[in-house]
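Just so you know, the protein sequences line up as chains A and B, in that order. Take 1 as the starting number for the first sequence in this note's numbering and just add one per residue. Take 1001 as the starting number for the second sequence in this note's numbering and just add one per residue.
Calculated from the structure, these hints are not laboratory results. Hints are all accurate, no fakes.
Pair by pair, the computed Cβ-Cβ distance ranges are: (1) B:1172 to A:75: 52 to 62 Å; (2) A:62 to B:1055: 52 to 62 Å; (3) A:63 to B:1141: 37 to 47 Å; (4) A:45 to B:1047: 38 to 48 Å; (5) A:160 to B:1116: 24 to 34 Å; (6) A:170 to B:1042: 23 to 33 Å; (7) A:170 to B:1228: 57 to 67 Å.
Here a beta-carbon is modelled for each residue, glycine too, at the ideal position from N, C-alpha and C.
The primary structure of each chain is shown beneath.
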Amino acid sequence: MSQNGETGPLIDVEGVVKRYGSVVALDGVTARFTDRAVGLLGANGAGKSTLMRSMLGLIRPDEGQISVLGMNATERSWEIRRQLGYMPEHDSLPMGMTARDLVVHLGELRGLPRRVAVLRASEVLFQVGLEEERSRLIRTFSVGMKQRTNLAQAIVHSPRLVILDEPTNGLDPAGRDEMLALVRRLSSELDIAVVMSSHVLEDVARTCDSVLVLREGRVVATRRIESPDRDGHGDVEVQVTGDVEAFAAAVRRLGLAIRPSGERLLVSGGDRSAVLRGVRDAACDAGVGVHELRPAGPTLEESLIGAIG
Amino acid sequence: MTTEARIADVAFSRYDGPRSGRLAAIWSLARWSALRALGARRSWKAKVIPVALTLLAFSPALVILGIRALFAGSTLAHDASTALPYSDYTSAISVVILVYSVILIPELVCPDRRDRTLSLYFSTAIGPSDYVIGKILAAVLPLCALTLLPPLLLYVGNVLFAVHPVGYLENHLADPLRIIGGGLTIAVTYGLVGLAISSLTSRRAFAVGGYLAFLAIPTIIGGVLAHALNERYLRLLAFAAAPQQTSRGLYPGYTDRGNISAWVWASVSVELIVVAIAVLAIRYGRDEG
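Using the sequences provided together with the hints, build the complete structure.
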C-alpha cells in the first residue's frame, strides 16, 4: 500500500500464516498499510476477517508478525484493542440496551473516563445520524440503525484507526449508501484511518484510497484507487456517435491530442478538467453525441481481474 | 440579555486525554452488568423483584430494631434482641438469597451469549479473563448486599439499643468479622455456582432451571438416601446448604443436625467454588470473541 504522508505504516503485516487444522486461513500474508483508508477485498473465506482479527490481537498467527500503530499485535494486543476501533461483521449488539448506553459502556471499556464517554457518545451518535434514536432499545432498530450503532461504538473513544468488518452487510441500497458515505467521512473528515473489508469492489472503490485483494489466504493484488478528484493526469477515452473526423479536428483545434484507442478515441494534453471541457466543446462544435466517456486505462475492476487472473 | 447568538455544531472532536486501565474496564463491566441485571435503566417491572427481595432481606433486622426502638426496656424488646442470632440471619433469609441469585445471575451472562456480544467485548480492552472477573464481581457484590448488610445493620442497631453499648461491643467484638466472613462465603459460593451454570446456556430460562435443579435435586436425593441408608455424609449433597452451614460454623456453639463438622461443610463450599471456576475457565478460555 502506498505512502500517504504518514511517518510509518499504520499496519505492517509480515509473512503471517494462520492455520485451523488442515485449513490455511492466511498463507504468508505480507502487506504495509499506509493509506488513510484501505479496503480488504475478497470472497467469503478469503481470510479477510482472520487478518482483521489478527491485527486486533484476537487471533495469534502461527507464523509471521503484525505491527499495528508501531505495536506488536501479539505482545500488546490489549493496548491495541484499547486504541483501535473495531466493528464486527456479525450482529453482536446487546438488544436490551439503548444505543446511548451501549456507546457509553464501550467507551468506558476502551479507557474513557465515564464523563468523557457520556459526552463523546452524544457526539458520535450525532455523527452517525442516531441522535434522535439514542434512547431507544437496540432491539427496536432497523438493520441500518444497528450498523450505525455498531459504527458509533467503534469510534467513540477517538481511535486513530478503525477496523470495519463488512460494514454494509445486510443493508438495503439506501442504507448501504449511507453507510459508505459515513465510512468515507471517517478518513476524509474525522481523521480516523480505516481498514474495511468487503466482498464488493464498488464499496471499497467508493470509500478507500487503496485496495488489497485476498484469495484463499494470500494477497493476490494491491492497487491504489484513483478517482477523478484525486487523479493527477486527465487522459480520457471517448466514444462518439456522428462525424468522428469532425470531432477529432475540433479536439485538435482546442490544443488537445487525440488518437484511436481500440473502439474509442484517447484524448490527452491537459489535466482532467481541461480535457473534459475540451471533449464537451469539441462535441458541440462537431455536432456529435458522446456515447461513452471514461478515464483512460483499465478500470480498477479490469486491473484487479487482470492481477487476480 | 445578549445580542449575540451562536449556532453550536455537535462536531466530532478528538480525545487525547487520559485513558484508564484494565482495572477500570473490569469495574465498568461489573458495574454496568450488575445495575442492568438489577433493573437499572429498564422498565419498572424489571426493578420490582430485586427491590422487593432486598426489602425482604432487610425486614428481619428492621422488625427487630423497630420493636427494640418502640418498646425499649420491655420484655418484648429483650426477647426481640435474642430472637435472631447473627449466625442464623442468613439461614432465615436463605430463600430470599436463593431467589435473588436465581434472578440476578443468569441475567449477567445469558444475554451476552444470546446476543453474541462477547465478540464485541473482546474487541475492547476486555479479555476473556477480565470478562469473567467482571461478571464475578457483578454477581458477588449485589449478593453481598443481602448476605452482609442486613446482619451488619442488625449488629449496629443492637449496639445502639444496648443498655451498655461499649460493653456490648466488647462482648461481640468478633461478630462483625464473622458476619463478613459468612456473608462473603455465601455470596461467593452462590455467585460462582450460578455463573458457572448460566455460562453453559444462552437461554435465561434454562439457566434458572439448571441452577435450581443443581441446588435442589442433589439435596432431595441426598436427604432421602441419608435417611434410608442412615449415612449422614450423604447430606453433604445439599449444595445450597453448604455455604450456610459454613457461615454458621464461624460462630461459637455451632451444631449440625447430622453432626457434620463445619470444616466438612466448608470443604464442600470450597469444592463447589473450585469446580465453578474450572467451568468458567473452560467455557470462556476457548472464546476468542
